[in-house]
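Novice: So the chains spell out like this:
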Amino acid sequence: METMETIITIKPVVAVLIASFASLLIMATPKKPNLRETWSVLGAVATFLTVLSMTPLILAGKALEYTPFVILPGISLKFRVDALGLLFGTIASFLWILVTFYNIGYMRSLKEHAQTRYYFCFAVAIVGAVGVAFSGNLFTLYFFYEVITIFTYPLVAHHQDEEAYEGARKYMVYLTGTAKSFFLPAIVMTYILAGTLDFAPSGILEGIFPATANPLLVKITYVLYLAGFAKAAMMPFHNWLPSAMVAPTPVSALLHAVAVVKAGVFCTSRVMLSVFGVKLLNDLNLGIPTAYVASFTILTASIIALTKDDLKARLAYSTVSQLSYVILGVALLTPSGVTGGLIHIANHAFSKITLFMCAGSIYVALHTKKISEMGGIAKQMPFTIAAFSIAALSMIGVPLVCGFVTKWYLAIGVIQAHKNIFILVLLASTILNTGYFFPVILKTIFGKPREGDPGAHHHGIHEAPAFMVIPLFLTAIASILMGLYPDYFMNIVKSVDPSYLLNTLKAVFTS
Amino acid sequence: MDFLIPNQLNYPILSVLIFAPLAGAAVLFLIRNETVARIWTLLVSLAVFALSLPLYFNFDPSTPKYQFGEHSSWIPAFHINYTLGIDGISLLLVLLSTLLFPICVLGSWKYISKRVKEFHFCLLLMESACVGIFSSLDFVLFYIFWEAMLIPMYLLIAVWGGPEKVYASIKFFIYTMAGSVFLLVAMIALYLKTGTFCIPELMTKAYPFAFQFWVFLAFGIAFAIKVPMAPFHTWLPAAHVEAPTAGSVLLASILLKMGTYGFVRFCLPITPNASIYFAPYMLIISIISIVYGGYVALGQSDMKKLIAYSSVAHMGFVTLGTFFFNKNGLEGAILQMINHGITTGALFLCVGIVYERSHSRLIKDNSGIAKIMPIYIGFFGFFCLSSMAFPGTNSFVGELLVLLGAFADYKLIGALSIPGVVLAAAYMLHLLQRIAWGGKASSHFSDLELREIIYLAPLAVFVLWIGFSPGPFLDVMHVSVNHLLEQLHTAGAVALVK
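Protein chains in written order, with the numbering used here: chain H, 2 to 512; chain F, 264 to 761.
Derived by calculation from the structure, the hints in this document are not laboratory data.
Hints are not guaranteed to be accurate.
[Claimed, not checked] The calculated lysine-lysine pairs, modelled on DSBU-like cross-linking and capped at a C-alpha distance of 30 Å, are:
1. F/Lys456 x F/Lys377
2. H/Lys33 x F/Lys634
3. H/Lys220 x F/Lys377
4. F/Lys590 x H/Lys220
5. H/Lys380 x H/Lys370
6. H/Lys32 x F/Lys377
7. H/Lys112 x H/Lys280
8. H/Lys33 x F/Lys703
9. H/Lys112 x F/Lys590
10. H/Lys112 x F/Lys377
11. F/Lys627 x H/Lys171
12. H/Lys380 x H/Lys420
13. H/Lys171 x F/Lys590
14. H/Lys171 x F/Lys377
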C-alpha cells in the first residue's frame with residue numbers, strides 16, 4: 002500500500018499543550034476552587050475540540066504529523082495523528098469532559114483533601130493519555146506512558162493512608178517495573194534491529210523491521226513488549242489494577258477503566274500493528290499464542306470477578322477481562338478480529354466508565370462499596386441503577402448496546418482465523434459476564450435492605466448530586482447509541498487501514 | 264605538535280581559566296568582610312564561566328585534534344612541558360566545571376558560616392585544578408592538577424564537614440592518595456619507556472602487551488578508586504555524607520569524572536590491547552557497581568548516603584559504556600558523565616536545602632514536606648525523575664546510548680544492566696515519596712527562596728535541554744570519539760570478541 006498522505010501541522014501538539022496548560026492553570030489557582038474547576042472544564046472541552054477538528058482529515062485518509070525535537074538519528078519526539086491514535090484520543094478527551102463534572106460532584110460531596118493536587122494530576126494524566134494516542138514513535142509513546150504512570154501515583158495514593166500507600170506502591174512497582182524491565186529493552190532492541198523508532202507510515206500490514214532481521218530476536222522483542230505494557234493488565238501483570246481501586250472512584254472511572262488501561266491496550270495494539278505489522282506477526286506465528294494468553298486472562302479474570310463482593314473490585318476484574326478482548330481481537334490478525342478489538346477500545350470505555358461512575362455515585366449516597374449492602378437501592382437511585390444496568394448489558398454483549406458490536410466482529414474474526422476454539426472463549430466469557438453483573442442488577446432492584454447494613458435505613462438516601470448523575474447517564478445513553486449506530490467510531494477504526502479492514506467478509510489469511 | 268591546534272583567540276583562554284580563579288583566590292586575602300568575600304567569589308566564578316563559553320562557540324567539531332592549544336617548555340631536562348588543549352571529550356567537562364562553581368557559591372551562602380574566606384579560597388583553588396585536569400596534555404601537569412585537587416577537597420570535608428568529618432576526610436585522603444601512587448607509577452613507567460610526558464604522543468606509540476597489561480592495571484586501580492567502582496567505593500558514601508553541600512556537589516559532579524575521564528583519556532588510547540583484554544572484567548565490575556549501588560541505595564535512611572550510592576550505580580553506566588568500544592556506548596558514557604554531574608549535583612543541592620532547615624539529612628526528619636514546600640518538591644521531584652532516567656530528561660539519553668551500545672554487541676551484558684535501571688526507579692521514587700508525603704513535617708520548613716531557585720533553575724534547564732535536544736552536546740564529541748575508537752581498533756588490531 003502506498004504511503005498515506007502526511008500533513009505537517011502543529012495541531013497534534015496543540016491538543017497536548019492545551020491539556021498541559023490547563024494543568025498549570027489548575028496548579029496556579031489553588032485558593033479559588035470555582036476558577037480551578039473552570040480550568041479543568043475549559044481544558045477538557047478545548048482539548049476535545051482540537052481532537053475533533055482533526056477528524057475529517059483523518060477520515061479522508063490523511064495523517065497529521067509534527068516533530069518538535071530530534072533526539073538522536075531515528076529517535077525524536079514526534080507527534081502523529083492517524084486513525085488509530087484518533088480513536089483513543091477522541092475517547093480520552095471526550096470522557097475527560099464528563100468526568101470533570103463528575104469529579105466536581107464527587108470531590109465536593111465527600112469534601113476530599115488536596116483537591117488542587119488531585120485536579121492537577123488528573124489533567125496531567127490526560128496529557129499523558131492524549132500524548133500516547135498521538136505518539137508518532139516508540140520514544141514518544143514511552144515518554145507519555147511514563148508520564149501517565151508517575152502522575153497517576155498521587156491519585157492512587159490520594160487518601161494517604163496505609164491502604165492507599167500499599168496500593169500505590171504495588172501500582173508503581175508493576176507499572177514502572179515492567180516498563181523499565183521489558184518495554185525499555187524492547188525499544189533498544191527495536192532500534193538496533195530496525196534503525197528507527199518511528200511507526201510504520203502506512204497501514205497495518207507492514208511493520209518497520211527489515212526482512213533481514215533475526216527472527217529469534219524479533220520474537221524476543223515482541224515478548225518484551227507484551228510484558229512491558231503492564232497497563233494492559235494481561236495476566237500475570239494484572240494485579241496492580243485491583244490494588245489501584247483504593248483511589249477515589251472518579252480516578253478508577255476515567256483512569257483505571259479508560260485512560261491508563263486503554264493506554265496499555267492501545268500501546269499493545271499500536272506495537273502489534275504499526276511496529277511489527279500483521280504480515281510479520283503472521284509469518285512468525287506470534288498472533289495465536291498471544292490470543293491464547295489473552296483468552297486465559299479473559300476467563301480467569303471473569304471467574305475472579307464472580308467472587309468479589311466489593312463492587313469496585315468486581316469492576317476491576319471485569320476490566321482486566323475486558324481489556325484482553327482488545328488484545329484477543331488484534332491478535333487474531335484477521336480484518337474483523339482487528340476491527341472488533343479496536344472498536345472495543347471505544348465500547349468498553351463508554352460502558353465501563355458508566356459502571357464505575359455508578360459505583361462512585363452509590364458510594365457517595367450510601368457510603369458502601371459492598372454489593373451485599375446494596376439491596377433495593379434502585380428505588381432511591383433509579384437513574385444510577387438504570388445507567389448501571391444499561392452498561393452491564395453492554396459489557397455482557399446484548400444486542401442494541403455497544404458491547405454487542407464488539408462480540409459480533411470478534412466472532413467473525415475468529416471464523417476468519419479458522420481458530421474456532423476462541424468462539425468458546427467468547428461464549429464462556431459472556432456467560433461469566435452475565436454471572437457477575439446480573440446479581441448486582443437483581444440485588445439493587447429486587448433485593449431488600451438487610452438489617453445492620455450501613456445503608457440499612459434507606460431513609461434519606463437519594464441520588465447523588467446532578468453533577469455526578471448527568472455524566473453517568475450521558476455515557477449510558479452513549480453506550481446505547483454506539484450499539485444502535487456504531488458508525489462514528491467504526492469509521493475511524495476502518496480508516497486505520499481501509500484497504501485491509503474493509504475486507505471483513507473475505508478471509509485474507511487462511512491457514 | 265601536529266596533534267595540537269594553537270589557540271586562535273586573542274588571549275590564552277585555557278590559561279586564563281586556570282589562573283583567573285587563582286588570582287581571585289589571592290585577592291580574597293585582602294577582603295575582610297564575609298559577605299564581600301562571598302560576592303567576590305561569586306563574581307570570579309561567574310566571570311570564569313562567562314570566559315569559558317567561547318570554548319564552546321569557537322570549538323571546531325570537525326577535527327579530532329586538541330584545540331585552543333598552548334605549548335611552552337617548562338622543565339626541559341625532563342621533557343616536561345606546559346601543554347594545554349581540549350578536544351570533544353574534555354570540552355563539556357571543562358564547561359560543566361565552570362558552570363558548577365557559581366552554583367556552589369550560591370548553594371553555600373547560608374550553609375557556611377565559619378571560616379568563610381578560607382572556604383571560598385578552597386573553592387577557587389579547586390576550580391583552577393578542575394579546569395587544569397581536563398585541559399592538560401602533559402602527564403606531569405595533569406598529575407599536579409590531579410593532586411592539587413585533593414588538598415582543597417580534603418579541607419572542605421575536614422574543616423566544614425559534619426560530625427564524622429575526621430574519619431571521612433582521612434578515608435578520602437588515603438583512598439585517593441593510594442590511587443595517585445599507582446597513577447604516578449604508570450606515568451614513570453611510560454616516561455622510561457618513551458622519554459616523553461606528552462599525552463597525545465604517548466597515544467601514538469605501540470607498546471608490548473605485557474607492558475600494557477601492567478600499565479593498565481596501575482591506571483585502572485587509580486581511576487577505579489576515583490569513579491568509584493565496587494569494591495573501591497567505600498570512601499565515597501563517608502565523604503559525601505560528611506562533606507558540606509558544595510563539597511558533595513563538587514565531589515559527585517567533578518571529582519568522580521576524573522576517574523572515568525582517565526579511562527577514556529589514558530587507558531583506551533595508550534593501552535588499547537590491555538583495554539580490550541580487560542574489557543570483559545571491566546564490564547562485569549561495572550554491572551556489579553550498577554546493581555550493588557542501586558540495591559544498597561534502596562536501603563538507606565540518610566538522603567546523602569542514598570544519593571552517594573546512586574552515584575556508584577550511575578557511574579557504573581559510564582564505565583559500562585566506555586568498555587563497549589562502540590560509538591553509542593562511548594558517547595553515552597561521556598554524556599552520562601555530564602548528566603550525572605548536573606543531576607546528582609542538583610540532588611545534593613536539594614539535600615543541602617532541607618538540611619539548612621532541619622539540620623538533619625535523615626529521610627525521616629525531612630519527610631512530608633510537600634505541603635509546606637511545594638516549589639522545592641517540584642524541583643526535587645524533577646531531579647529525581649532525571650536521576651531515574653525518565654524519558655525526556657538528560658539521563659535517559661545517556662542511558663539509552665549506553666544501552667544501545669550494550670545491546671548492539673553484548674546483549675547479555677545489556678540484559679544484566681536492566682535490574683540497575685529498575686532499581687534506579689525504585690530508590691528514587693521511594694525517596695521522593697517519603698520526602699514529599701512520608702510523615703508530618705515540623706514547622707521550621709519554609710519554601711525555596713529566590714537564591715535557591717536561581718541556582719537550581721539552570722541545572723533544570725540543562726536536564727530538559729539534553730533530554731529533548733542532545734544534539735548540541737553530542738555533535739562536539741562525534742569526531743573525537745570516532746578518532747579514539749579508530750586509534751583503539753587499529754592499534755588493538757585484535758578483532759573484538761562479540
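Novice: Hint by hint, note whether the structure agrees.
Specialist: To see whether the hints hold, each was checked on the structure:
Between F/Lys456 and F/Lys377 the alpha-carbon distance is near 49 Å, which puts this suggested pair outside the 30 Å criterion. Under the criterion of a C-alpha separation no larger than 30 Å, the hint pairing H/Lys33 with F/Lys634 is consistent with the structure, at around 17 Å. Straight-line distance between C-alpha atoms of H/Lys220 and F/Lys377 comes to about 63 Å, which puts the hinted pair past the 30 Å bound. For the hint linking F/Lys590 to H/Lys220, the alpha-carbon distance of about 27 Å falls within 30 Å, and the restraint holds.
Straight-line distance between C-alpha atoms of H/Lys380 and H/Lys370 comes to about 18 Å, which keeps the hinted pair within the 30 Å bound. Between the alpha carbons of H/Lys32 and F/Lys377 the distance comes to roughly 42 Å, so the proposed pair goes past 30 Å and is violated. Straight-line distance between C-alpha atoms of H/Lys112 and H/Lys280 comes to about 54 Å, which puts the hinted pair past the 30 Å bound. The hinted pair formed by H/Lys33 and F/Lys703 meets the criterion: a straight-line CA distance of about 25 Å does not exceed 30 Å.
At most 30 Å may separate the alpha-carbon atoms for a hinted pair to count; H/Lys112 and F/Lys590 exceed this at roughly 57 Å. Taking the CA atoms of H/Lys112 and F/Lys377, the gap is about 50 Å. The hint is violated against a cut of 30 Å. At most 30 Å may separate the alpha-carbon atoms for a hinted pair to count; F/Lys627 and H/Lys171 meet this at roughly 22 Å. Under the criterion of a C-alpha separation no larger than 30 Å, the hint pairing H/Lys380 with H/Lys420 is inconsistent with the structure, at around 46 Å.
Using a Cα cut-off of 30 Å, the hinted pair H/Lys171 and F/Lys590 is violated, with the two alpha carbons roughly 38 Å apart. This hinted pair does not check out: H/Lys171 and F/Lys377 have alpha carbons roughly 47 Å apart, beyond 30 Å.
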